[in-house]
Every structure is written in structure tokens, then in C-alpha cells.
Amino acid sequence: MRLLLVEDEPEIQSFVKQSLVEAGYEVDTAESGNAAIQLASQYAYHGLIIDLGLPDQDGIDLILQLRGSGISSPVLILSARRSVDDRVKGLEQGGDDYLTKPFAVAELLARLRNLLRRNLATSEEATRLRVLDLELDFISRRASRGGEVLNLSPQEFVLLAYLCRHAGRVVTRSMLLSEVWGMRIQPNTNVVDVHVYRLRGKVDTEGHEPLIKTLRGIGYVLKDH
Amino acid sequence: MSSKTTNPIMYSAAWRISLWATLAFAIGTMFVFAMLHRFVANDIQRRSDAWLSGEVAVLADVAGRTPKDRLYGRVVGEVAELASREVPDKLRSNSNENDSVFFLQAGDDGTLKLWVGAGDGVPNLAAIRARKFISDVPYDLNVKGFNHPFRIASVRLDDGSHIYLGLSERDELRVLRNLRYRFFCLWLLIVLFGSVIVFFVTRRMLGYVREITEAASRIGQSDLSSRVPISKRNDEVGHLALTLNRMLDRIESSMHQLHTITEALAHDLRSPLTAIRGKLEIVLAGDLKMEQSEPIVSAIDELDRLTEFLNASLDVAEAKADALRLSLSEVDLDRTIRAMIDLYEPCMSEKGLRMNLHSAGPVFIAADAALLHRVIANLLDNELNHLPASCTVSIKLGTSEDAAMLIVEDDGPGFASEIGLHMFEQRVKGRDSKGHGLGLTFVEAVVRAHGGSVTASNRSEGGALLSISWPRETGEEIEAPHSPTHLNR
Chain A
1 MRLLLVEDEP
11 EIQSFVKQSL
21 VEAGYEVDTA
31 ESGNAAIQLA
41 SQYAYHGLII
51 DLGLPDQDGI
61 DLILQLRGSG
71 ISSPVLILSA
81 RRSVDDRVKG
91 LEQGGDDYLT
101 KPFAVAELLA
111 RLRNLLRRNL
121 ATSEEATRLR
131 VLDLELDFIS
141 RRASRGGEVL
151 NLSPQEFVLL
161 AYLCRHAGRV
171 VTRSMLLSEV
181 WGMRIQPNTN
191 VVDVHVYRLR
201 GKVDTEGHEP
211 LIKTLRGIGY
221 VLKDH
Chain B
1001 MSSKTTNPIM
1011 YSAAWRISLW
1021 ATLAFAIGTM
1031 FVFAMLHRFV
1041 ANDIQRRSDA
1051 WLSGEVAVLA
1061 DVAGRTPKDR
1071 LYGRVVGEVA
1081 ELASREVPDK
1091 LRSNSNENDS
1101 VFFLQAGDDG
1111 TLKLWVGAGD
1121 GVPNLAAIRA
1131 RKFISDVPYD
1141 LNVKGFNHPF
1151 RIASVRLDDG
1161 SHIYLGLSER
1171 DELRVLRNLR
1181 YRFFCLWLLI
1191 VLFGSVIVFF
1201 VTRRMLGYVR
1211 EITEAASRIG
1221 QSDLSSRVPI
1231 SKRNDEVGHL
1241 ALTLNRMLDR
1251 IESSMHQLHT
1261 ITEALAHDLR
1271 SPLTAIRGKL
1281 EIVLAGDLKM
1291 EQSEPIVSAI
1301 DELDRLTEFL
1311 NASLDVAEAK
1321 ADALRLSLSE
1331 VDLDRTIRAM
1341 IDLYEPCMSE
1351 KGLRMNLHSA
1361 GPVFIAADAA
1371 LLHRVIANLL
1381 DNELNHLPAS
1391 CTVSIKLGTS
1401 EDAAMLIVED
1411 DGPGFASEIG
1421 LHMFEQRVKG
1431 RDSKGHGLGL
1441 TFVEAVVRAH
1451 GGSVTASNRS
1461 EGGALLSISW
1471 PRETGEEIEA
1481 PHSPTHLNR
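Line order of the protein sequences matches chains A and B.
Going by this note's numbering, the first sequence opens with residue 1, and the numbers climb by one from there.
Going by this note's numbering, the second sequence opens with residue 1001, and the numbers climb by one from there.
Treat the hints as calculated values from the structure; they're not laboratory data.
By construction, the Cβ of each residue, glycine as well, lies at the ideal position given by its N, Cα and C atoms.
A portion of the hints provided could be inaccurate.
To be verified - Capping the alpha-carbon separation at 25 Å, the derived lysine to any residue pairs in SDA-like fashion look like this:
(1) B:K1279 to A:R169
(2) B:K1279 to A:S14
(3) A:K17 to A:V27
(4) A:K223 to A:D137
(5) A:K213 to B:A1299
(6) A:K213 to A:Y162
(7) A:K202 to A:R145
(8) B:K1232 to B:A1215
(9) A:K213 to B:I1282
(10) B:K1351 to A:F157
(11) B:K1320 to B:R1227
(12) A:K17 to B:L1284
(13) B:K1279 to A:V221
Unchecked claim - Interface residues of chain A toward chain B, partial, derived using beta-carbon atoms under 7 Å:
(14) W181
(15) R184
(16) P187
(17) T189
(18) H195
(19) R198
Let's have the full structure, built from the sequences with the hints guiding it.
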């Protein structure tokens, strides 16, 4: 998949590009809004990563311009701005997700995958989901492992469902907070960890292979192979 | 203008001012008129007295010199002449001209010797005799059968008899009554007209003031870039608007400066932080041994702590300066808190803490949802970080007339006494606190930015109590009251 990275800070550009390449993407880079528009009109990108603070124009304006010229690929906004309204503005005007600097590379990759997948496939919302021997039924909202029904609270079911939908991919704490609980907060306590820990206690019971893995400093991943 | 007032007109300052002005004007003019009226009445009286005295002297002279048999004729002639000459008001037509003047001569034994006038003169004589004393200056006399008093002048003749000349005060009184009547009509007109003018002028003036007030409060709440309306006139109200606008210019520019500084600071610190973190992560992703990766992981942890601190500091700085940009929406506080409790409960019970919620159903407030989440998260983080095991956190949600009350209390050790009054100041924290000392400062600043208030205290039975009062949306109907729920965890 081909991505366009629009970022003027060389330091950041280089490590983001390196991470993306290592993750298996083809990456073009642009240092300014004009260069980005030129590139975007030449090639069809699967996704764009755009920094809001560009030397020649505002990132939001760039997104508007791109959308205006018919480019509908998902956009991940990088921002050093803090205020919420800027971010929301970015989202409303065609950006699909945002990250504030500084960010974890894993978070960037996780959100990007999420975005690309959201865009590529699928409005067909499965009623059942299988990951290895884990089975989720979205109608009865029950989960079972190896045929044994798991006794999950509704909240735990939502959490497990999110992990299963992103099976095999890193899910960060802030993704869980915003997607499962609908909050953009950064608690300075381990509230999310305790939820995952409890879930793990119910899913990865003795005699089963542990599925939910913790990646230190990054987040979690549900094994799918 | 009046469409904006919610107060009835009786409570407006314009109404009070015009009422007092009218009252003062009415009393003042009434007083001046009373003085003038008195002066005019006295003057008329004095003139008619002088005339009466003169005439009675003439008549006495005539009576003294004229023989008795011819006296009557002479006097009738004189009186008729007087009546026709001296009665000023020619308009009257329905009354007898003759009854305006009478002449009476009474003997010293009280008998009626000569009478010229309307009627037989008996009531006149009776009235005169009813007076106990005889005076040389003219006096008022009420006579039975006549509606108006007479002004009487008398003189004593050499033969011991008295002659009396009476002039009806009817015309004099009518003049004065006319004067009063006309004055009263004009006075009423002027007072009404004046009060209406005063009312509208003051209302117009105060209307400007109110417009300025409304605009200023609107600006204070939301939009710093707009200005109060300026009237073209160069008066006090115009000056007020100009002064306010100049003040707003300065506030806006310093606010703008603050934004620029925090924005620049944030940006300049964040870019290198991002680069450092990214590079460390890339190193970490390579093939490293456990002991090599350990310092890198802890460096990333430190960076994240630094970032968190940077964010919190900048947020608090902005919130403290009332420079938070709020995107308000209607939020159900009850639902938000339940979601928060769902999030925090496992962590709490992991630490051996219990949580319970007392709430009587939905409470709608106007809030920036993201900031509200962070405020509640801050409060619960605080409890998590400071409470020893087996304590209980109680969250109570209630409403007063115009505010939602959120109370978070616990039965732990309470706030350290040395924090005391400085609870909400930056970097103030308990001795054992691991945080930045920014949590409660942020809470207080955000709540204040929404127009609410926070108080913190230690409960008398032990434990900390934080009470947040958040203004409710006015006019918001609360949904059908739910039965109070008691959520025990």
C-alpha cells in the first residue's frame, strides 16, 4: 500500500517514514502543502498522513484542497496543537483520525491500519466473529472459547469484540479509551490495564493458549495465529 | 428595545427615574402655583377692600348730608351705579345683578333703618348683628340665602347708626376658581407630557446601557473578538462603550498573546519530543537484548511523563487565564458519571476501594464533553492515587434550582492540613503525592471556565469532600423523574 507522508520536520519525517517502510508500506514524502498536492494528483495513495503545521499552508486547508480535488483517501492528522476544537475541525473537514505529538510509533501504525481497513473493506458488519477458538456472537452478545461460554459483563464483551476485530494488530490504550469508552482522556492510572487484565482472566483460562498479549509501553494485541 | 426586557416595566430604572422626576416636577410646580394664587387672591382682596372703604365713606357722607326722605332715592341711585360699574364679569347672565351689592343702614338699637339690595335685608342684618364685634376694616360675611360670602365695609354715622356696604365676593371667587381650573388642566397636561418625555429619554439612554451590558456579558462568555455597540453621541454612555471596547482590545490581545505563546511552546517542545520518542522506539524495535532495551523503555516512560506534564501545565495555564476554548454541547452528567464509574470501578476494586453513586436520574448541563471527561477522570485518578485500601468513594449527583451539584467524597485520610487554602493552586500537592499537583487546579479552572465553582474540604467524620457546582442549562426540562437509584459496587 502506498502512503503519502506530509511533514516538514526532517527528524520526524525520517523516523515515521522508516517505521512505515518497516511496517511494509510504500511511502512518499512531501515537505510542503504544494508538494503534497502535486504528488497526490500524480499518484493514487491509499492513505495520507498530514502534519497540521506546514511551512506554506495550514494542514487543514491542505486537506480541504485535497478533498476538493476529489481525493477521498483516509487522512491521519498529526498535530502539535493542543486545543480540541482544532482537532475536531480537522476531523469534520475530512481528516479521518488525528494524533497529537508526541505520539508512539505503535499508536501511529495501529491507527493507520485501522483507518486503511475501515476504508478498504466493509460495511458488512459480521454477526459472528471467530478468532482461533474464540467465538463472538454479536446478536446474543455472548462469547465462547473452545465451546465454553465465557461469563463476560457487557463492557467486557465490547472490549473483547474490539480486540477481536483488530486481532493480530496492536491496540493502544488511548484507542481502547476512545473506541470502547468513548473518551479522549489520558488517565494517569492504570484503569485500562485492569479491564484488560480482568478480561484476560476470563478468556485465557488455564488449559488454553493465552491470546491477549501486553506490549509494554504500547498496548495490547490479540493473537490470531 | 423593550422586547429584550424580561422584567416588567415597573422594575426598570427608567420607570423609577421618570416616576421620581414627575413627582418632583409636579410638587414643585404645584408649590409655585400655590404661592402665585395666594398673591393674586390677596391682591384682589386688597383692591376691593380699598374700593369698598372708599365707597362706604362716600355713602356715609351722602347719608349725613341728605335729608331722610330723599336718602333712599339717592342711595338706590348710588348703589345701582356701583353695581353696574364695579361688577367686572360681564359674562354672567343668569343671576340678578342687583344681588351683588347691598346697602344697609342700621340704627344703634339694631333696627333696619334703610335697605337697598336684593330681598328684604333681614338675613343680612341678622348676619351682621350675629357678628360679635365691629371692625373698621372690611370683613367676610356669610349671609343666609346667598351662596357666596359678602365683603362688608361699615362706618358709624354721627347719629349712632351704622351703614354697611356689602359686595358679593362671587365674581372674585369665580375668577380665582377659573384660574385654578385652568392651571390644573395645564399642569396635568405638562406633568403627563413631561413624564412621558422623561420616561422615553431615560429608557432610551438605559437601553444603550443595557445593550452594552448584554453585549459585554455575551463577550465575557464566549466571543472575545466582538465588541459592544457604540453610540454615535459623545456622552457618558458613548464613553462607557468606548472604554469597554478599549478594555476588550487589551484583553483580547493579551489572550491572543497567551495563545500564541502556549501554542509556540507546545509546538517547539513537542516536535523534538516526537522525534526523540520515535527514534527510541525504532531502536527498541531492533534486535536488542533485555538489558539493553530496559533503559530505552524507561527513557520512553520518562518522555511520556514529561509530555503529560507539559500538556497538563499548558492546559492549566490556559484554563487559569480563562482562555480555554470550549465547544459546548448538552451533556447528561448522570450518564457521563456512570460511564466513568464503569471505567474506573475495576481499578478501584483492585485496590480494595468501593464506589457508590447516588443519583436521581439525568442531569443535563452545557459542557465541553472532552473537558468534562477529563475533570471527572482527574477526580477519580486522585482518589485512586491517594486512598488507602478498604475506603469508600461516594459520588452524589443532585440538582439545585440553577446548578448541578456533583459531590465526590471518601472516608480516607482527607486532604493534608498543610494544603489548606492552596488546594487549587498549581503545584500544590500533598506530601506523599506522586502527581504534578495540577489535577485539582485543572478541575477548578475548567469548572470555573464553565461558570461553576469547586469547594474542597475535609469531612467532619473524616475523609475528603469535593463539591462541584456546575451551572445547568436554563429552561431545560428534566425528564420524568427516575426513582432514585443506589448503585453499590
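Evaluation of the provided hints:
1. Between the alpha carbons of B:K1279 and A:R169 the distance comes to roughly 21 Å, so the proposed pair stays at or under 25 Å and holds.
2. Restraint check for B:K1279 and A:S14: satisfied, since their Cα atoms lie roughly 9 Å apart, inside the 25 Å limit.
3. Pair hint A:K17 plus A:V27 holds up; C-alpha atoms about 7 Å apart against a cutoff of 25 Å.
4. At roughly 19 Å between alpha-carbon atoms, A:K223 and A:D137 fall within 25 Å of each other, so this suggested pair holds.
5. Simply put, A:K213 and B:A1299 have alpha-carbon atoms about 22 Å apart, close enough for the 25 Å limit, and the pair holds.
6. With a CA separation close to 14 Å, the supplied pair A:K213 and A:Y162 stays within the 25 Å bound.
7. Distance restraint check for A:K202 and A:R145: the Cα-Cα separation of roughly 10 Å lies within the 25 Å cut-off, and the hinted pair is therefore satisfied.
8. Restraint check: the Cα-Cα separation between B:K1232 and B:A1215 comes to about 17 Å, which is no more than 25 Å; the hinted pair holds.
9. Distance check on the hinted pair: A:K213 and B:I1282 sit about 20 Å apart at the alpha-carbon level, within 25 Å; holds.
10. For the proposed pair B:K1351 and A:F157, the alpha carbon gap of about 23 Å is at most 25 Å, so the pair holds.
11. The hinted pair formed by B:K1320 and B:R1227 meets the criterion: a straight-line CA distance of about 23 Å does not exceed 25 Å.
12. This hinted pair checks out: A:K17 and B:L1284 have alpha carbons roughly 16 Å apart, not beyond 25 Å.
13. A distance of roughly 22 Å separates the Cα atoms of B:K1279 and A:V221; the hinted pair therefore holds under the 25 Å criterion.
14. The interface hint given for A:W181 holds, since its Cβ lies 5 Å from the closest Cβ of chain B, which is under the 7 Å cut-off.
15. The criterion of a C-beta within 7 Å of any C-beta in chain B is met by A:R184, whose closest approach is roughly 5 Å, and the hint holds.
16. Hint status for A:P187: holds, given a least beta-carbon distance of 5 Å to chain B, under 7 Å.
17. Annotation: A:T189 was flagged as interfacial toward chain B, and the flag holds, the nearest CB pair being 5 Å apart, inside 7 Å.
18. A cut of 7 Å between beta carbons decides the hint on A:H195: the least distance to chain B is about 6 Å, and the hint holds.
19. Hint status for A:R198 relative to chain B: holds, with the closest Cβ pair at about 6 Å, below 7 Å.
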